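There are 2 protein chains.
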Amino acid sequence: MESLWLEDLNVGDRFRTEEYEITREEILAFAGQYDPQPFHLDETAATDTFFQGLAASGWHTAAITMRLIVTSGLPFATGIIGAGVELTWPTPTRPGDIVHAEITVTEIKVSRSQPDRGFITVAYDTLTRSGQVRQRTTATLLMFTRTSPTGPAEVPQR
Amino acid sequence: MESLWLEDLNVGDRFRTEEYEITREEILAFAGQYDPQPFHLDETAATDTFFQGLAASGWHTAAITMRLIVTSGLPFATGIIGAGVELTWPTPTRPGDIVHAEITVTEIKVSRSQPDRGFITVAYDTLTRSGQVRQRTTATLLMFTRTSPTGPAEVPQR
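Heads up: the protein sequence lines correspond to chains A and B, in order. FYI, the numbering for the first sequence is 1 to 158, going by the UniProt record's numbering. FYI, the numbering for the second sequence is 1 to 158, going by the UniProt record's numbering.
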């Protein structure tokens, strides 16, 4: 894919990532390191919890979604630089889920003080093949124009 | 720590986690798997980017923060079950950072339809020893009362 800069984007632009299969082994490994709770670590222990079975950490779903966006979602020339994010996990991510993300550009704001950069807002859902929403995200990303100096950059005031 | 239930919490309650040292090796490993961008993977490549040096993926900071909260932050009887979250990354997380989280309960809402459960809102900062804020988070968590049935549970309407 061709690399995109701030001036290449329009509100309403849509992107779709490839797919990622989430294995039981990866769920256990991530949870063991970053979210060691019974419902993320052990099928039997998970049965009697709110999740009614093994579920991935929400942060694991978020990390996988980021991988999809970086590797096959948004071909931005200067990378995916998140300033802030809002997310919900409407349904638990399960072993064997095959997910992808669908992304829409919802807002573009060029900085007044530094017109070589700006913030875009993207909304994206992490979906299973049957359309269940595992994560719903709104993210504010920092982007640059082609004419931006290549040197160190300051975050503009919004 | 004693396990806490919904009725044990009050707005204004504060918690503080232990510390976690983030190594260069862990930054590279996480980024390789979930956020493979130059500024998270290679010092030299990172120098000429917005980050001006190697920085951890924001999702890595989020995952480490979750580990701290689960293992030493919030001793909730039924675990840390996130419904939704808002977060910003005011400064990049760097190799060698030693971080902890400081948590405040800011809102408690018992469900009207299912009074054995409710949502609490917690605000927490992920801080370095010198007080730099690496992540600022507001999370909505699902909690239960001592009298909640132990069986499978439905998410209440907010």
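For the record, the hints were derived by calculation from the structure and aren't laboratory data. Just so it is clear, the structure is predicted and the values come from calculations on it, not from any experiment. Don't take each hint at face value.
Cβ pair distances, simulated, as ranges [said to hold, decoys possible]:
#, chain 1, residue 1, chain 2, residue 2, range
1, A, Asp8, B, Asp48, 18 to 26 angstroms
2, B, Glu21, A, Glu21, 45 to 53 angstroms
3, B, Thr147, A, Arg16, 40 to 48 angstroms
Where a beta carbon is used, it is the ideal one built from N, C-alpha and C, also for glycine.
Quick one: are Glu21 of chain B and Glu21 of chain A within 45 to 53 angstroms, going by C-beta? violated (33 angstroms)
Assessment of proposed distance window 40 to 48 angstroms (beta carbons of Thr147 of chain B, Arg16 of chain A): Once the Cβ atoms are compared, 46 angstroms apart, the range 40 to 48 angstroms for Arg16 of chain A and Thr147 of chain B holds.
Asp8 of chain A versus Asp48 of chain B beta-carbon gap, inside 18 to 26 angstroms or not: holds (21 angstroms)
The structure shown violates just one earlier hint, number 2.
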